[in-house]
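All chains, please: the whole structure from these sequences, using the hints.
2 protein chains.
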Amino acid sequence: MEEKVFQILDKFVKKDDVLIVGVSGGVDSVVLLDILVKFVKKTPLKLVIAHVNHGLRGKESDADEELVKWYAKKFGLQFEFKKLDLDSLQKKNCVPNLEAKCREKRYEFFGKLLRKYKAKYVVTAHHLNDNLETVLLNFVRGAGLNGLTGMNICGNDIFRPFLHINKKEILKYATENDLKFYNDYTNFDEKYARNRLRLKVIPELKKINPNLEKSFWENLENLREIKDLIERQIPLAVFVKGEIKFNIVEFRALHLALQKAFLIDLYKKAHGSTYYFTSKHMEQILKVLNSGKGNVKKEFGPGQMILVEGKTGIVRDN
Amino acid sequence: MEEKVFQILDKFVKKDDVLIVGVSGGVDSVVLLDILVKFVKKTPLKLVIAHVNHGLRGKESDADEELVKWYAKKFGLQFEFKKLDLDSLQKKNCVPNLEAKCREKRYEFFGKLLRKYKAKYVVTAHHLNDNLETVLLNFVRGAGLNGLTGMNICGNDIFRPFLHINKKEILKYATENDLKFYNDYTNFDEKYARNRLRLKVIPELKKINPNLEKSFWENLENLREIKDLIERQIPLAVFVKGEIKFNIVEFRALHLALQKAFLIDLYKKAHGSTYYFTSKHMEQILKVLNSGKGNVKKEFGPGQMILVEGKTGIVRDN
Numbered sequence: 000m001e002e003k004v005f006q007i008l009d010k011f012v013k014k015d016d017v018l019i020v021g022v023s024g025g026v027d028s029v030v031l032l033d034i035l036v037k038f039v040k041k042t043p044l045k046l047v048i049a050h051v052n053h054g055l056r057g058k059e060s061d062a063d064e065e066l067v068k069w070y071a072k073k074f075g076l077q078f079e080f081k082k083l084d085l086d087s088l089q090k091k092n093c094v095p096n097l098e099a100k101c102r103e104k105r106y107e108f109f110g111k112l113l114r115k116y117k118a119k120y121v122v123t124a125h126h127l128n129d130n131l132e133t134v135l136l137n138f139v140r141g142a143g144l145n146g147l148t149g150m151n152i153c154g155n156d157i158f159r160p161f162l163h164i165n166k167k168e169i170l171k172y173a174t175e176n177d178l179k180f181y182n183d184y185t186n187f188d189e190k191y192a193r194n195r196l197r198l199k200v201i202p203e204l205k206k207i208n209p210n211l212e213k214s215f216w217e218n219l220e221n222l223r224e225i226k227d228l229i230e231r232q233i234p235l236a237v238f239v240k241g242e243i244k245f246n247i248v249e250f251r252a253l254h255l256a257l258q259k260a261f262l263i264d265l266y267k268k269a270h271g272s273t274y275y276f277t278s279k280h281m282e283q284i285l286k287v288l289n290s291g292k293g294n295v296k297k298e299f300g301p302g303q304m305i306l307v308e309g310k311t312g313i314v315r316d317n
Numbered sequence: 000m001e002e003k004v005f006q007i008l009d010k011f012v013k014k015d016d017v018l019i020v021g022v023s024g025g026v027d028s029v030v031l032l033d034i035l036v037k038f039v040k041k042t043p044l045k046l047v048i049a050h051v052n053h054g055l056r057g058k059e060s061d062a063d064e065e066l067v068k069w070y071a072k073k074f075g076l077q078f079e080f081k082k083l084d085l086d087s088l089q090k091k092n093c094v095p096n097l098e099a100k101c102r103e104k105r106y107e108f109f110g111k112l113l114r115k116y117k118a119k120y121v122v123t124a125h126h127l128n129d130n131l132e133t134v135l136l137n138f139v140r141g142a143g144l145n146g147l148t149g150m151n152i153c154g155n156d157i158f159r160p161f162l163h164i165n166k167k168e169i170l171k172y173a174t175e176n177d178l179k180f181y182n183d184y185t186n187f188d189e190k191y192a193r194n195r196l197r198l199k200v201i202p203e204l205k206k207i208n209p210n211l212e213k214s215f216w217e218n219l220e221n222l223r224e225i226k227d228l229i230e231r232q233i234p235l236a237v238f239v240k241g242e243i244k245f246n247i248v249e250f251r252a253l254h255l256a257l258q259k260a261f262l263i264d265l266y267k268k269a270h271g272s273t274y275y276f277t278s279k280h281m282e283q284i285l286k287v288l289n290s291g292k293g294n295v296k297k298e299f300g301p302g303q304m305i306l307v308e309g310k311t312g313i314v315r316d317n
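Just so you know, the protein sequences line up as chains S and V, in that order. Residue numbers 0 to 317, in numbering that gives the first Met the number 0, belong to the letters of the first sequence in order. Residue numbers 0 to 317, in numbering that gives the first Met the number 0, belong to the letters of the second sequence in order.
No lab work stands behind these hints: they were computed from the structure. A few of these clues could be false.
[What the hints assert, rightly or not] Calculated lysine-lysine pairs in the DSS-like style (CA-CA distance at most 30 angstroms, straight line):
| hint | chain 1 | residue 1 | chain 2 | residue 2 |
| --- | --- | --- | --- | --- |
| 1 | S | K213 | V | K100 |
| 2 | S | K279 | V | K100 |
| 3 | S | K286 | V | K3 |
| 4 | V | K240 | V | K119 |
| 5 | S | K213 | V | K226 |
| 6 | S | K199 | V | K166 |
| 7 | V | K45 | V | K81 |
| 8 | V | K213 | S | K226 |
[As the list claims (entries may be wrong)] Interface residues of chain V toward chain S, partial, derived using beta-carbon atoms under 10 angstroms:
| hint | residue |
| --- | --- |
| 9 | G75 |
| 10 | K206 |
| 11 | K213 |
Every residue gets a Cβ at the ideal spot worked out from N, C-alpha and C, and that includes glycine.
Shown next, in the form of structure tokens:
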């Protein structure tokens with residue numbers, strides 16, 4: 000496994016790069032840290048450990064923090080941490096999905112560290128089984144091609160060198176190298192959709208196909224190629240004075256699948272994520288843009304409008 | 000529900016068409032038959048009932064046959080049936096997947112009836128939940144975009160007017176119309192992958208998303224649009240004297256995703272199905288075809304070769 004990860008690292012990082020390593024204290028991230036430290040002996044890199052204390056499990060959360068601090072000291076690495084105040088998060092925002100909110104806060108913290116250290120990537124320990132869960136979850140929620148291609152090894156400043164490694168290999172490495180780590184017991188709490196998949200659904204799917212991870216990876220590769228093909232065919236949108244502009248005539252000539260891919264891309268450019276872009280909203284926008292009229296507009300995500308002015312499509316603030 | 004199905008029927012059939020209706024005696028196909036008989040009062044059609052006795056459940060299988068025969072008599076329709084000899088099927092062919100073998104035999108029988116009656120379609124009662132299972136099964140087995148788009152309402156002489164109707168609606172119709180049908184108890188036998196999905200996996204997924212079928216259908220529509228986009232971009236292969244020929248220069252200029260889609264299409268043309276076309280075999284063929292050489296060949300499914308002769312790609316019998 001070490002070799003497999005070294006190959007990936009060799010592809011994405013070079014000497015003297017700065018990496019922010021997300022370490023929770025669980026087995027995945029502890030193995031990631033251990034392998035990165037070994038890699039540094041071959042290719043000098045600056046590693047910074049980033050730990051987020053979610054405080055979800057009281058004293059245990061603090062013990063995680065202590066463990067990660069201990070690793071930082073042992074390896075002589077910079078240690079950065081942030082404690083999330085979940086109670087106030089929940090009260091202030093009426094959070095419907097605590098896990099998503101935690102992720103958002105976590106990446107906000109990682110973003111700050113990226114800038115502070117002029118780092119190349121945040122490195123996370125997401126692995127093949129995490130990705131399988133993500134894709135299944137997207138499938139269940141109806142996310143289309145983008146959702147079905149799952150996480151990328153590298154994208155948006157996040158680097159995931161374990162993405163084609165499965166959980167078994169990680170556990171084996173941890174045992175063989177006698178690593179200390181904590182079990183995250185919230186993983187056994189079935190109230191989270193992801194855990195429902197991990198504990199109930201995936202074991203059943205593996206009874207149908209014991210090589211589920213391998214088939215899944217092949218499937219993913221195929222869908223990624225298709226996604227790449229599509230991305231090469233969508234027209235360019237350009238930023239002009241804080242607005243996003245595109246050619247509406249060119250847009251109307253596109254195949255419906257490409258029109259949708261273009262709008263998804265546009266929405267992502269405007270809002271950073273397509274999490275709240277529903278298929279119903281997509282239909283409405285398509286209707287407006289394809290109406291052939293040169294003077295129409297429609298709401299396009301929070302605070303923005305999409306409109307047609309003559310031969311130009313525009314996304315601008317409300 | 001009746002209205003929804005009538006709309007679909009209006010789209011695909013016209014006066015005096017001949018339809019072979021697959022009726023097992025289970026609730027789905029009995030409801031299908033009942034709705035078709037009502038439709039015939041509006042638009043005269045010739046309906047022929049086709050029943051396959053799988054003999055998997057002994058006396059119960061014979062009772063199913065009697066029930067379907069009773070319906071045929073009641074509605075004054077032609078009745079065709081075939082009894083499968085599963086014991087000899089299993090012994091002769093070392094069948095790894097009995098369900099697949101039964102399906103093959105069933106469609107062989109349907110094909111004969113299509114020709115005998117000069118019928119337009121075989122009509123089956125596959126519904127939205129069947130399709131969800133099919134797609135999940137393909138996902139689990141790693142089938143790529145083609146697998147993820149599931150069954151079509153109409154294709155290869157099979158017409159599935161229930162494909163966007165869910166099981167609940169079918170059961171409701173059966174109750175309201177007081178229809179007689181048999182429960183297929185093999186559905187409760189977990190040794191079949193499909194039943195594992197139906198009984199274990201899908202209920203868990205519905206806890207995550209109670210509108211699973213709706214999200215699934217939207218997802219499917221998106222993937223179908225993408226499939227259509229791709230199919231429009233793959234080059235034509237032509238049949239010349241029992242061989243399939245294509246332009247190898249054109250092929251080599253394609254995006255990898257299109258090369259794969261083209262080869263899948265070619266395999267389907269040559270063998271009727273891509274069930275045994277593995278990703279490993281695909282890789283090998285791609286390597287040979289893209290090698291740039293003008294005189295290479297490779298096995299292409301049972302009894303066939305794919306080869307390059309100068310500027311022409313050819314699929315021919317071994």
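Outcome of the hint check:
{"no.": "1", "hint": "S:K213 x V:K100", "in the structure": "26 angstroms, holds"}
{"no.": "2", "hint": "S:K279 x V:K100", "in the structure": "41 angstroms, violated"}
{"no.": "3", "hint": "S:K286 x V:K3", "in the structure": "24 angstroms, holds"}
{"no.": "4", "hint": "V:K240 x V:K119", "in the structure": "28 angstroms, holds"}
{"no.": "5", "hint": "S:K213 x V:K226", "in the structure": "23 angstroms, holds"}
{"no.": "6", "hint": "S:K199 x V:K166", "in the structure": "23 angstroms, holds"}
{"no.": "7", "hint": "V:K45 x V:K81", "in the structure": "20 angstroms, holds"}
{"no.": "8", "hint": "V:K213 x S:K226", "in the structure": "23 angstroms, holds"}
{"no.": "9", "hint": "G75", "in the structure": "43 angstroms, violated"}
{"no.": "10", "hint": "K206", "in the structure": "6 angstroms, holds"}
{"no.": "11", "hint": "K213", "in the structure": "8 angstroms, holds"}
Figure legend: structure checked against the earlier numbered hints; hints not met, in rising order: 2 and 9.
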